[in-house]
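Asks: For the record, the sequence lines run as chains A and B.
Under the numbering used here, the first residue of the first sequence carries the number 49, and numbering increases by one thereafter.
Under the numbering used here, the first residue of the second sequence carries the number 49, and numbering increases by one thereafter.
It is worth saying that the hints were derived from the structure and are not from the lab.
Worth double-checking, as some hints may not be accurate.
Stated by the list, open to error - Distance condition first, Cα-Cα at most 20 Å in a straight line; then the derived DMTMM-like pairs of lysine to aspartate or glutamate:
{"#": "1", "chain 1": "B", "residue 1": "Lys79", "chain 2": "B", "residue 2": "Glu176"}
{"#": "2", "chain 1": "A", "residue 1": "Lys215", "chain 2": "B", "residue 2": "Glu176"}
{"#": "3", "chain 1": "B", "residue 1": "Lys107", "chain 2": "B", "residue 2": "Glu176"}
{"#": "4", "chain 1": "A", "residue 1": "Lys83", "chain 2": "B", "residue 2": "Glu67"}
{"#": "5", "chain 1": "B", "residue 1": "Lys215", "chain 2": "A", "residue 2": "Asp96"}
{"#": "6", "chain 1": "A", "residue 1": "Lys79", "chain 2": "A", "residue 2": "Glu176"}
{"#": "7", "chain 1": "B", "residue 1": "Lys83", "chain 2": "B", "residue 2": "Glu176"}
{"#": "8", "chain 1": "B", "residue 1": "Lys83", "chain 2": "B", "residue 2": "Asp96"}
{"#": "9", "chain 1": "B", "residue 1": "Lys79", "chain 2": "B", "residue 2": "Asp63"}
{"#": "10", "chain 1": "B", "residue 1": "Lys215", "chain 2": "A", "residue 2": "Glu78"}
{"#": "11", "chain 1": "A", "residue 1": "Lys215", "chain 2": "B", "residue 2": "Glu168"}
{"#": "12", "chain 1": "B", "residue 1": "Lys215", "chain 2": "B", "residue 2": "Glu226"}
{"#": "13", "chain 1": "A", "residue 1": "Lys215", "chain 2": "A", "residue 2": "Glu225"}
{"#": "14", "chain 1": "B", "residue 1": "Lys79", "chain 2": "B", "residue 2": "Glu92"}
{"#": "15", "chain 1": "B", "residue 1": "Lys79", "chain 2": "B", "residue 2": "Glu108"}
{"#": "16", "chain 1": "B", "residue 1": "Lys107", "chain 2": "B", "residue 2": "Glu135"}
{"#": "17", "chain 1": "A", "residue 1": "Lys74", "chain 2": "A", "residue 2": "Asp191"}
{"#": "18", "chain 1": "B", "residue 1": "Lys215", "chain 2": "A", "residue 2": "Glu176"}
{"#": "19", "chain 1": "A", "residue 1": "Lys79", "chain 2": "A", "residue 2": "Asp63"}
{"#": "20", "chain 1": "B", "residue 1": "Lys83", "chain 2": "A", "residue 2": "Glu217"}
{"#": "21", "chain 1": "B", "residue 1": "Lys107", "chain 2": "B", "residue 2": "Asp96"}
{"#": "22", "chain 1": "B", "residue 1": "Lys74", "chain 2": "B", "residue 2": "Asp96"}
{"#": "23", "chain 1": "B", "residue 1": "Lys215", "chain 2": "B", "residue 2": "Glu108"}
{"#": "24", "chain 1": "A", "residue 1": "Lys107", "chain 2": "A", "residue 2": "Glu135"}
{"#": "25", "chain 1": "A", "residue 1": "Lys215", "chain 2": "B", "residue 2": "Glu217"}
{"#": "26", "chain 1": "A", "residue 1": "Lys107", "chain 2": "A", "residue 2": "Asp96"}
{"#": "27", "chain 1": "A", "residue 1": "Lys83", "chain 2": "A", "residue 2": "Asp63"}
{"#": "28", "chain 1": "A", "residue 1": "Lys107", "chain 2": "A", "residue 2": "Glu78"}
{"#": "29", "chain 1": "A", "residue 1": "Lys215", "chain 2": "B", "residue 2": "Asp82"}
{"#": "30", "chain 1": "B", "residue 1": "Lys215", "chain 2": "A", "residue 2": "Asp82"}
Remember, it's a predicted structure, so these values are computed and weren't measured experimentally.
2 protein chains.
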Amino acid sequence: MTVKRRPGRRPGSADTRGEILSAARKVFAEKGFDKATVRGIAREAHVDPALVHHYFDTKEGMFAAAMRLPITPDVVIPALLEGPREELGRRLVTLILTVTAEPETREPMIALVRSAVTNEHAVTMFREFITNALLYRVADELDVPHLRIEAAFSQMFGVIMARYVLKLEPMASADPEELAELLGPTIQRYFTG
Amino acid sequence: MTVKRRPGRRPGSADTRGEILSAARKVFAEKGFDKATVRGIAREAHVDPALVHHYFDTKEGMFAAAMRLPITPDVVIPALLEGPREELGRRLVTLILTVTAEPETREPMIALVRSAVTNEHAVTMFREFITNALLYRVADELDVPHLRIEAAFSQMFGVIMARYVLKLEPMASADPEELAELLGPTIQRYFTG
């Protein structure tokens with residue numbers, strides 16, 4: 049007699065990670081980022097919460113993986129803080145332009161923005177992630193008011209939209225160096241006054 | 049015998065203007081802003097081109113009316129140029145925040161952005177309008193490189209999205225005065241170096 053594979057709880061099957069991510073997408077979309085829990089996602093995926101923790105250190109990391117984002121706040125924040133404070137603006141612009149330069153890394157971010165702009169559930173999820181997991185943390189690390197960080201975010205958000213979605217010329221074809229020159233001081237001023 | 053109202057060509061019926069605008073929306077969506085013509089819109093509306101000109105001075109004006117935009121480039125550009133050049137940044141920020149403060153004037157602009165972000169035809173139309181009818185004209189009037197005007201546009205576009213669509217706090221509830229203080233110098237620097 050063969051042992052039948054039991055559906056549901058499969059601790060360690062080849063696609064467990066994929067099933068967790070699929071459950072995460074569902075739970076994040078329904079509950080938003082703040083109210084989604086590892087426990088809730090584990091339940092949705094029919095796995096033990098410990099297994100979720102085995103694959104993903106943090107809820108932020110799970111969100112980034114679920115949305116196929118190329119970077120997580122845990123990578124962005126140290127990259128920003130490393131190096132001279134007076135070059136922070138230019139460093140941020142260069143980081144964002146580098147991450148968005150390749151379609152494979154850019155498209156999932158654009159997809160998230162598209163859904164946020166058109167869907168009420170998605171906008172809540174996006175808002176909660178972008179503020180609580182990213183912007184407020186950067187603001188607190190740098191001791192900069194939240195409004196100033198959001199001004200910096202809005203500048204970079206606008207640039208990504210103008211360059212890759214609206215495809216305004218000459219912005220769409222502009223050299224990253226030239227953009228860093230133009231936008232760096234804006235971000236720097238928001239961060240350091 | 050009663051005279052039946054003839055469908056199609058109705059030069060001056062109560063809703064002729066509405067019919068022209070409806071035709072304009074169709075033609076702009078299909079052809080984009082650049083390739084749409086008064087003649088083509090008149091044909092679509094079954095009216096004489098002279099009648100289109102009677103209702104709308106310019107293609108820009110017709111586009112703004114068709115999209116229910118609260119302002120046209122012909123109003124924005126003089127408003128920007130009036131007054132001291134060194135206060136241009138603040139003036140632009142205040143103008144945009146004022147126009148977008150009321151839902152009735154804001155919603156059509158947001159609707160246009162939403163469709164541009166999700167629809168390939170709409171993005172072409174939006175791109176052509178925003179560059180040829182607005183940004184390049186401002187750039188040329190002010191003798192500022194196109195890339196700098198697009199940097200200014202991207203900042204204000206990002207702010208409108210962060211404030212009204214993503215509704216990030218504290219940006220969403222920020223006082224317009226405080227925002228003008230924060231963003232004005234950014235726009236000023238893009239415009240005047």
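Asks: If a hint holds in the structure, say so; if it doesn't, say that too.
Replies: Each hint tested on the structure:
1. Distance hint between B/Lys79 and B/Glu176 is fulfilled; the C-alpha atoms sit about 11 Å from each other, no more than 20 Å.
2. Distance restraint check for A/Lys215 and B/Glu176: the Cα-Cα separation of roughly 10 Å lies within the 20 Å cut-off, and the hinted pair is therefore satisfied.
3. Taken as a hint, the B/Lys107 and B/Glu176 pair is honoured in the structure, with Cα atoms around 12 Å apart against an allowance of 20 Å.
4. The straight-line distance between the Cα atoms of A/Lys83 and B/Glu67 is roughly 48 Å, outside the 20 Å bound, and the hint therefore fails.
5. Using a Cα cut-off of 20 Å, the hinted pair B/Lys215 and A/Asp96 is violated, with the two alpha carbons roughly 35 Å apart.
6. Using a Cα cut-off of 20 Å, the hinted pair A/Lys79 and A/Glu176 holds, with the two alpha carbons roughly 11 Å apart.
7. Of the pairs offered as hints, the one joining B/Lys83 and B/Glu176 holds, with about 9 Å between alpha carbons and a cut-off of 20 Å not exceeded.
8. Simply put, B/Lys83 and B/Asp96 have alpha-carbon atoms about 19 Å apart, close enough for the 20 Å limit, and the pair holds.
9. A distance of roughly 24 Å separates the Cα atoms of B/Lys79 and B/Asp63; the hinted pair therefore is violated under the 20 Å criterion.
10. Taken as a hint, the B/Lys215 and A/Glu78 pair is honoured in the structure, with Cα atoms around 18 Å apart against an allowance of 20 Å.
11. Of the supplied pair hints, the one linking A/Lys215 and B/Glu168 holds, its CA atoms being roughly 11 Å apart against a limit of 20 Å.
12. Among the hinted pairs, B/Lys215 with B/Glu226 is consistent with the structure: their alpha-carbon atoms are about 17 Å apart, no more than 20 Å.
13. Distance check on the hinted pair: A/Lys215 and A/Glu225 sit about 18 Å apart at the alpha-carbon level, within 20 Å; holds.
14. For the hint linking B/Lys79 to B/Glu92, the alpha-carbon distance of about 12 Å falls within 20 Å, and the restraint holds.
15. Between B/Lys79 and B/Glu108 the alpha-carbon distance is near 15 Å, which keeps this suggested pair within the 20 Å criterion.
16. The straight-line distance between the Cα atoms of B/Lys107 and B/Glu135 is roughly 30 Å, outside the 20 Å bound, and the hint therefore fails.
17. At most 20 Å may separate the alpha-carbon atoms for a hinted pair to count; A/Lys74 and A/Asp191 exceed this at roughly 35 Å.
18. This hinted pair checks out: B/Lys215 and A/Glu176 have alpha carbons roughly 10 Å apart, not beyond 20 Å.
19. For a cut-off of 20 Å, the pair hint linking A/Lys79 to A/Asp63 is broken: about 24 Å separates their Cα positions.
20. For a cut-off of 20 Å, the pair hint linking B/Lys83 to A/Glu217 stands: about 18 Å separates their Cα positions.
21. For the given pair, B/Lys107 sits about 15 Å from B/Asp96 by alpha-carbon distance, which is consistent with the 20 Å threshold.
22. Restraint check for B/Lys74 and B/Asp96: the C-alpha separation of about 17 Å stays at or below 20 Å, so the hint holds.
23. Between B/Lys215 and B/Glu108, the direct Cα distance comes to roughly 30 Å. Violation of the 20 Å bound is thereby established for this hinted pair.
24. Restraint check for A/Lys107 and A/Glu135: not satisfied, since their Cα atoms lie roughly 30 Å apart, outside the 20 Å limit.
25. Under the criterion of a C-alpha separation no larger than 20 Å, the hint pairing A/Lys215 with B/Glu217 is inconsistent with the structure, at around 28 Å.
26. A C-alpha spacing of about 15 Å is found between A/Lys107 and A/Asp96, which places the hinted pair at or below 20 Å, so the restraint holds.
27. About 25 Å separates the Cα atoms of A/Lys83 and A/Asp63, which puts this hinted pair outside 20 Å; it is violated.
28. At most 20 Å may separate the alpha-carbon atoms for a hinted pair to count; A/Lys107 and A/Glu78 meet this at roughly 15 Å.
29. About 15 Å separates the Cα atoms of A/Lys215 and B/Asp82, which keeps this hinted pair within 20 Å; it holds.
30. A C-alpha spacing of about 15 Å is found between B/Lys215 and A/Asp82, which places the hinted pair at or below 20 Å, so the restraint holds.
In terms of the numbered hints stated before, the structure departs from hints 4, 5, 9, 16, 17, 19, 23, 24, 25, 27, listed from lowest to highest.
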